[in-house]
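There are 2 protein chains.
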Amino acid sequence: MPHIPDPPRPGRPKDSTKHAAILAAAKQLFARQPFEQVTMEAVAAQATVSKMTVYSHFHDKETLFEAIVTSVADQMIGILSGSDLRDAPLRERLVAVGRDFLGVILAPGVCEMAHSLPATLRDNRPLALRFYNAGPGRVRRALAAMIAGAAERGDLAVDDPAFAADDLVSLWEGSRPAMIAFGLAEPVLPEEIRQRAERGTDIFLRAYRPDAGEG
Amino acid sequence: MPHIPDPPRPGRPKDSTKHAAILAAAKQLFARQPFEQVTMEAVAAQATVSKMTVYSHFHDKETLFEAIVTSVADQMIGILSGSDLRDAPLRERLVAVGRDFLGVILAPGVCEMAHSLPATLRDNRPLALRFYNAGPGRVRRALAAMIAGAAERGDLAVDDPAFAADDLVSLWEGSRPAMIAFGLAEPVLPEEIRQRAERGTDIFLRAYRPDAGEG
DNA sequence: TAGATACTGGACGCGACGGTATAGGATCAA
DNA sequence: TTGATCCTATACCGTCGCGTCCAGTATCTA
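Protein chains in written order, with full-length UniProt numbering: chain A, 1 to 215; chain B, 1 to 215.
Among the hints, a few may not be true.
Remember, identical chains collapse to one label, so a pair may be satisfied in a single copy or spanning two.
[Stated by the list, open to error] DSBU-like, lysine-lysine: derived pairs with alpha carbons at most 35 Å apart: (1) K61 x K14; (2) K61 x K27; (3) K61 x K51.
It is worth saying that the hints were derived from the structure and are not from the lab.
Keep in mind that this is a model prediction, so the values were computed, not measured.
Let's have the full structure, built from the sequences with the hints guiding it.
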C-alpha cells in the first residue's frame, strides 16, 4: 500500500490528525457495538469532530467500517509477521507465535469486534475473507508450515499439518474469546496470555509427540 | 416451566399453531441476521400472520427474541442432558457427548445465531448467562465431572479438570464455528460431526494419557 | 344467539438515523 | 491579499421500523 505523496492541491490541506481521530473513535465504537448500533453522530462526537468532517474523510458508513477492518487487519499482519525465530527450539517458536496471536486476538478492542464482525461481514465475503486471511488464517498457515517441517524432521507425529495447526490454535484460545464476546469475562492480562500460550503448546506437543505412535 | 392449563376465558382462544409459527419464523430469521436487522414485519410475513397477531402473542421485539433464546436453550438442555452412557468406556462416553454437543452447536440454525447472540446479549447479562449455562457451560461442567472421575480412577493424568474440559471442547470445535459465522464455510454434515468428535477426543486422550507423566 | 376475544389488513404517529445543504469562520499556497 | 479548500454548527430531508389504532371478520363459550 504505497501512500501516494499528496499531489499538491490548492487550498487548505486535510488534517491528518482528524483522520486518525475519526478512525480511532470508530474503532473503539465498533468494538463495543455492532455495525447498526454505531451512529455517525456518535463517531463524530467521540472524535470531537463535526459530522460533516467525518463524511468528508469517509464517504459512507460502510466505507468507514471497511477502513476499520482493513486497519485492524494490517495491524494484525504487522504483529504476526514478526514472530518466527528461525532457529529456536520448536516449543519456543510455537509459544512465541501463540503469544503474539493471543495478544492480537484477545486485545481489549479487537476481541469484542472480532465477534461482532461475522454478523456484519456475512454479506461482504471479500472483506470477511481479507480479515480472516490477515489474522486467524495467516497464523494457521504459518503454523501448518512449521508443523509440517517439524514432522519431516521427525519431531512431531502428525497426520495432517492443517488439522494440527487448527488444534493448536483451538488449544490456545480455549473458551476465552467466546466468554469475552458474551460479556461473561473481562479482557485478559498479559500474564494470562503467556500462560495460555505455554499451556496450549505443551498439551499440543504431548498429543503429537512422535513416540505416541499415531500415523 | 409447568404450562398453566388455560384458565378458561370467554371468547375465541389464541391459536397455538400461530404462536409456534411465529416462534419458528423468528428463530429462522434471527439465525440469519442480527437483532436489529430482523423486522417485525418480516417475522409476520415469514409466519404468514398479521403483524398485530405477532404483537398479541409477544408484547415486544425483545420479548420475542428472549423467547427464541429461551427456546433454543431449552432445546439444548433436552439434547445434552440425555448423553451420558454411565458404564461405557471413557472414549465412547466422550465421543457421544462430543457428537451431541457438536450436533447442537453446529446445527444449521443454531450456529449462526450463536455468533450473533453476543452482540445482542452483551447488555443483557442474565439472558446471556442463561444461554451459556444451557449450552456450552452445561457441557463443560458435565465433561469436567467425567474427567475428574477418570482422573481419580487413574485413567487420565489431569491437573485441572475444568481446564481439561475446555481443551476437549476446543478440540471438538476447531475453527469450524468461526468459519461458519464468517460465512466462509457451510453448515456441517452429520458425518463430519462424527469425525470431529472422534478426532478431538483421540487427541485429547493422547495428550492426557497417564503415562505421559504430567502433574 | 349473544358476548367476548382473536385474526386480518391497512393506515399512521413517531423517533432514530444516514446523508445533504448552507452559511460562516479558519487555514493553507501562490 | 486572493482563492481554494477545510472545518464547524445547525438545520433539514427521506427513510425505515417499531408499535398502535381501527374497522371488519372469524371463532369460541355460555
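**Study point:** Alpha-carbon proximity between K61 and K51, which holds within one copy, between copies, both or neither at 35 Å
**Key:** Both, since 12 Å and 31 Å are each at most 35 Å.
Exercise for review: Can you give me the call for K61 and K14, within, between, both or neither, at a CA distance of at most 35 Å?
Suggested key: within (19 Å within a copy, 44 Å between copies)
Exercise for review: Tell me, please, which holds for K61 and K27 at an alpha-carbon limit of 35 Å: within, between, both or neither?
Suggested key: Result: close both inside a copy and across copies, 13 Å intra and 29 Å inter.
In this structure, every one of the numbered hints holds.
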